[in-house]
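Engineer: Going down the list, the sequences are from chains A and B.
When we follow our numbering, the leftmost residue of the first sequence carries the number 405, and every step to the right adds one.
When we follow our numbering, the leftmost residue of the second sequence carries the number 2, and every step to the right adds one.
By construction, these hints were calculated from the structure, which means they are not laboratory data.
Predicted, not measured: the structure shown is a model, and the values here were computed from it.
From the three backbone atoms N, C-alpha and C, an ideal C-beta is built for every residue, glycine too.
Fair warning: there could be bad hints in the mix.
Stated by the list, open to error - Every beta carbon over 10 Å from chain A, so not counted as near; a handful from chain B, in silico:
#1 Asp25
#2 Lys55
#3 Thr62
#4 Met66
#5 Gly67
#6 Arg70
#7 Gly289
#8 Ile331
#9 Gly422
#10 Ser467
To be verified - Distance condition first, Cα-Cα at most 20 Å in a straight line; then the derived SDA-like pairs of lysine to any residue:
#11 Lys498/A - Ile456/A
#12 Lys746/A - Pro21/B
#13 Lys29/B - Ser800/A
#14 Lys710/A - Arg122/B
#15 Lys181/B - Glu318/B
#16 Lys498/A - Tyr309/B
#17 Lys29/B - Asp743/A
#18 Lys417/A - Asp717/A
#19 Lys234/B - Leu326/B
#20 Lys746/A - Arg195/B
#21 Lys29/B - Arg471/A
#22 Lys746/A - Phe23/B
#23 Lys639/A - Val466/A
#24 Lys498/A - Pro477/B
To be verified - Across the chosen pairs, the derived CB separations fall in these ranges:
#25 Glu441/A - Pro259/B: 55 to 63 Å
#26 Ala131/B - Arg516/A: 51 to 59 Å
#27 Glu513/A - Arg475/B: 39 to 47 Å
#28 Gly7/B - Pro794/A: 26 to 34 Å
#29 Gly351/B - Gly772/A: 54 to 62 Å
#30 Arg769/A - Gly7/B: 25 to 33 Å
#31 Ala302/B - Arg741/A: 55 to 63 Å
#32 Pro132/B - Asn644/A: 51 to 59 Å
#33 Arg475/B - Met474/A: 51 to 59 Å
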Amino acid sequence: MTADLSVDFCGIKSPNPFWLASAPPANSAYQVMRAFEAGWGGAVWKTIGEPIVNVSSRYSAVDLEHRRVMGLNNIELISDRSIEENLREIREVKRHFPGHVVIASLMVESKREVWHDIVRRAEDAGADGHELNFGCPHGMSERGMGSAVGQVPEYTCQITEWAVEAATRPVIIKLTPNITDIRFPGRAAKRGGAHAVSLINTINSITGIDLDTFVPRPIVGDGSTHGGYCGPAVKPIALNMVSQIAGDPEIGLPISGIGGISTWRDALEFMLLGSTTVQVCTAVMHRGFRIVEDMIQGLSDWMESKGFTACTDFIGKSVPHVRDWGKLDLNYRIVARIDQAKCVDCGLCYIACEDGCHQSITKERANGRNVYTVVDDLCVGCNMCSLVCPSPGCISMVQVDEGKPFETWEMRIARTGSSAAAWAESMGKH
Amino acid sequence: MAVKPGAAYSPEAGFPEIHPAFSDAEAKIESGRCLYCYDAPCVRACPTHIDIPKFIGRIHTGDVMGAARAILDANILGGTCARVCPVEELCEGACVEVALQRRPIPISALQRYAVDHVMHRRMRLFAPGAPTGKRVAIVGAGPAGLSCAFELRRAGHAVTIFDARELPGGVNTYTIAPYKHSVDFCLEEVEIVRQMGVEFRQGVLVGRDVTFEEIRSGSDAVFLGLGLGHTRKMGIPGEDLPGVWEALAYLEASRTAPPDKQPRAKVVAVVGGGNTAIDCATTAARLGAEMVMIIYRRGRADVPAFPYEQEIARMDEVLFVCNTLPVEVIAQNGRASALRCVRTQPGPPGPDGKSAFEVMPGSDRILGADQIIMALGQQPWEAVPGLENLKTTRGGLIEVDPVTHETSMPGVFCGGDAINGGGEVVDAVEHGKIAARGIHCRLFGLDAARLGLPGDNGSPRQTWHSVRRPSDIRPPAPAVAPAHH
Ligand SMILES: Cc1cc2nc3c(=O)[nH]c(=O)nc-3n(C[C@H](O)[C@H](O)[C@H](O)COP(=O)(O)OP(=O)(O)OC[C@H]3O[C@@H](n4cnc5c(N)ncnc54)[C@H](O)[C@@H]3O)c2cc1C
Ligand SMILES: Cc1cc2nc3c(=O)[nH]c(=O)nc-3n(C[C@H](O)[C@H](O)[C@H](O)COP(=O)(O)O)c2cc1C
Ligand code: SF4
């Protein structure tokens, strides 16, 4: 029993919003069909282009205590199989799964005819749309492709135009996060006539170094190279970039959200920030296609609990809640509360506040254990103590109603006349 | 005396549960420890193949209802199993954390947490299938019968259960050690099955109140979930004196009788060394006995009860009197007051491989006890007129086909203790699932081996409930070779 999770993404109908990202899990017909059997609604094929050769080793990761692969770094290139083989397998998958979505991820030389040719061949093979890989940050960029295109808005616009000229199906531009402001390549894609954007691709990274040989990982003999970072660690960065695209009035394109999605909760966050579909790579590489069963069930159960019947009921619901700092309420005030019954006496909240924050927690010895108490007048409501506390539900942040009206920094400056006056008034309240 | 503070029976609190429920915080922390193994050893160790990493992961992400769904899909008595399964021998014993020299994930406590979540809220997670027009009769409302009934309703068959007792649930409701779960809990769990549209006819002994032939001719198939028969007799003088209890009657009385009618005594001797003997001894301790002995005829190391069960008895300060064989119950004022016993010593191994024992001459001794509980194991199933021709094993157990659980009588299926001579609740549940598929496949002419069971997740086979024609069986996924580089 699951809710209707189907979505319409720039005209492409998908049984659910969960797609495989263009990456090793979407490398072959064998894998994509296994994924569809498991419940994935679509797949963006591993990027197709002039086939390449890879090195070994290829991946390295960052662990967090006993949780492995919180971040994954790779130095692989695009597909190492021929264009013909990939297109033949796309055709095969579409024959067996006509109702599922297959997007061809493409990356070729920056020449108009070459782009026209690959787009036509992909459509001929039955791909439901194209994703132009302007994001790969390593290897391919040295050859003038991938992020070398995505980092220059003019190139992004130009190549998007070439692809759109030849295409009869939607063209999605996959954006690189390795830029200063994601909105510029996003706007370039829009100008070039793109039907949608997907983001993020991987982030330039070096995950660590072998302390004996001094070679960074992943180790290729006596050397390494910077790779692309992905997995749970990149989710906050990706969410921010998605919200920037979603909130930009100049762009207004459908979004396929990518970056660190492992559970239905992650996926939902991307959707609340405006993504119609989401794409997953690392979590599948870590745990297999089966995770989608729990994503589908979890999202469906959540929708049921909220009374939502379609994904359009909630896609983008968080976008209006992301605003400029200057539009936040200065008079909203919270303080920390420690539930003594749940306190395990670890002292972490105390030392976090004492050394890193605002020295607002007191420590007293009673009956052989320490009792920690928050001094309301000193607490600025920063959240830090509640973030470090290991005992669930022990520290809560509660609102103190001081009876003051909603007032933002912009409003306060307008009222007091200058930022100096606004600051002085604000400090005076302590 | 003996039992841990807080574990003893009291009229207000009844029998305190041996494992209290998890709080939200415990569930969050413990579920976060699960490594989400692939083809997990714990799943393989569970007879019903609950997808344990899946349900634990769902708890951890806050989808507790989804967790319960994963559990109950594979085991409709998941709430009972979470309380009574010998998990050290099953899922938790197989947990990889044990191999990592760490505490296993508390699978059963998390399972209980998820199932309680939906039971407390009376959530209905399953719906009956579209009616098939077929009718199945089930004899026995124990775990096997309940599981079979639930599965058959999912597929849309009409189901009536005939059961001899006043309350449904079989041994689970009446006899399991009272500190593991309560009668009320068991009945609430039965409601999940009843709500699927199962008709219960309690208090009907098949073979006496209605004939087997009547049941068989009134339905398209029959499932037998008969359980085991009576407890064996020792055949010693005085065995029928007042003050001597048969183990199952003793446990039933302690679970169901009002406080003033409970079978209390000061000095209790339990004869036998199996799990049932332990249940009796630990129950007697919780009911306030001053001294409880287990009298076992072989050596201490031969006691067959699970180590975990023996540990409960040890914590309750139950005395193990081993190498001791009762030969007579001695009476005083017409009531049992003592056991005359002889010492035994190991003899040459018998034909069953167990170390045999021989009596030491002249070793008579008298052990005083004002209550004697006989826990000597049960006979195979209780005979039912009309089933005389059922093919049985040499040990008297009903024989079934392993894939369909059909007996030698066409259209008559069987599972639970009646075919394994006494297993666990979780085994009976799995038998009910297998037999339900077998019944369905017989009624629709399908090959049961080609269809999977719920919880059968490692298998590519499709689950059977909605399959009604051979052509509904999905062909295996297109064979495309993996891409090698
Ligand atoms: C003392 C004791 C303690 C146990 N403790 C545990 C434990 O801790 N954990 C665990 O997992 N398992 C335990 N078990 C085992 C478990 O209870 C059984 O394996 C399980 O109940 C078997 O289920 P069943 O459906 O096959 O039979 P039963 O539960 O025996 O149910 C059979 C039902 O069929 C009815 N019936 C039989 N013949 C007829 C007839 N002719 N007409 C109508 N109705 C009939 C009976 O009245 C009964 O209600 C214990 C068993 C005992 C005896
Ligand atoms: C080994 C590996 C290879 C990848 N190859 C491609 C690729 O060929 N084309 C592409 O567009 N993205 C590629 N990616 C990036 C992913 O599609 C995705 O954008 C990124 O991994 C972030 O998602 P995640 O956090 O779910 O992994 C690759 C990622 C990895 C880990
Ligand atoms: S049914 Fe029993 S063995 Fe299976 S998971 Fe539950 S507690 Fe473990």
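Engineer: Now look at each hint and say whether the structure bears it out.
Structural biologist: Results for each hint:
1. Asp25: Incorrect as stated: the minimum Cβ-Cβ distance to chain A is 7 Å, not above 10 Å.
2. Lys55: Check fails; 6 Å does not lie beyond 10 Å.
3. Thr62: About 5 Å separates threonine 62/B from the closest Cβ of chain A, which leaves it inside 10 Å; violated.
4. Met66: Check fails; 5 Å does not lie beyond 10 Å.
5. Gly67: The assertion about glycine 67/B is violated, with a minimum of 5 Å to chain A.
6. Arg70: For arginine 70/B, whose nearest Cβ neighbour in chain A is about 7 Å away, the distance does not exceed 10 Å, so it is violated.
7. Gly289: 33 Å, holds
8. Ile331: At roughly 56 Å from the nearest Cβ of chain A, isoleucine 331/B sits farther out than 10 Å, so the non-interface label holds.
9. Gly422: Check passes; 37 Å lies beyond 10 Å.
10. Ser467: 13 Å, holds
11. Lys498/A - Ile456/A: Measuring from Cα to Cα gives roughly 25 Å; hence the hint is violated.
12. Lys746/A - Pro21/B: Between lysine 746/A and proline 21/B the Cα gap is close to 18 Å, so the pair holds against 20 Å.
13. Lys29/B - Ser800/A: 17 Å, holds
14. Lys710/A - Arg122/B: Measuring from Cα to Cα gives roughly 17 Å; hence the hint holds.
15. Lys181/B - Glu318/B: Holds. Lysine 181/B to glutamate 318/B sits at ~19 Å (cutoff 20 Å).
16. Lys498/A - Tyr309/B: With Cα atoms ~55 Å apart, lysine 498/A and tyrosine 309/B exceed 20 Å; violated.
17. Lys29/B - Asp743/A: Holds, at about 18 Å.
18. Lys417/A - Asp717/A: This hinted pair holds, its Cα atoms lying about 17 Å apart.
19. Lys234/B - Leu326/B: The given pair, whose Cα atoms are some 14 Å apart, holds under the 20 Å limit.
20. Lys746/A - Arg195/B: 41 Å, violated
21. Lys29/B - Arg471/A: 15 Å, holds
22. Lys746/A - Phe23/B: 15 Å, holds
23. Lys639/A - Val466/A: Holds, because 14 Å separates the two Cα atoms, which is no more than 20 Å.
24. Lys498/A - Pro477/B: Given pair lysine 498/A, proline 477/B holds - Cα atoms ~17 Å apart, limit 20 Å.
25. Glu441/A - Pro259/B: 55 to 63 Å: 57 Å, holds
26. Ala131/B - Arg516/A: 51 to 59 Å: The hinted range 51 to 59 Å holds for alanine 131/B and arginine 516/A, with Cβ atoms some 58 Å apart.
27. Glu513/A - Arg475/B: 39 to 47 Å: Holds, since glutamate 513/A and arginine 475/B (Cβ atoms, about 44 Å apart) stay within the stated range.
28. Gly7/B - Pro794/A: 26 to 34 Å: 28 Å, holds
29. Gly351/B - Gly772/A: 54 to 62 Å: 60 Å, holds
30. Arg769/A - Gly7/B: 25 to 33 Å: 30 Å, holds
31. Ala302/B - Arg741/A: 55 to 63 Å: About 56 Å separates the Cβ atoms of alanine 302/B and arginine 741/A, which means 55 to 63 Å holds.
32. Pro132/B - Asn644/A: 51 to 59 Å: 54 Å, holds
33. Arg475/B - Met474/A: 51 to 59 Å: 38 Å, violated
Of the numbered hints given earlier, the model fails hints 1, 2, 3, 4, 5, 6, 11, 16, 20, 33; all others are met.
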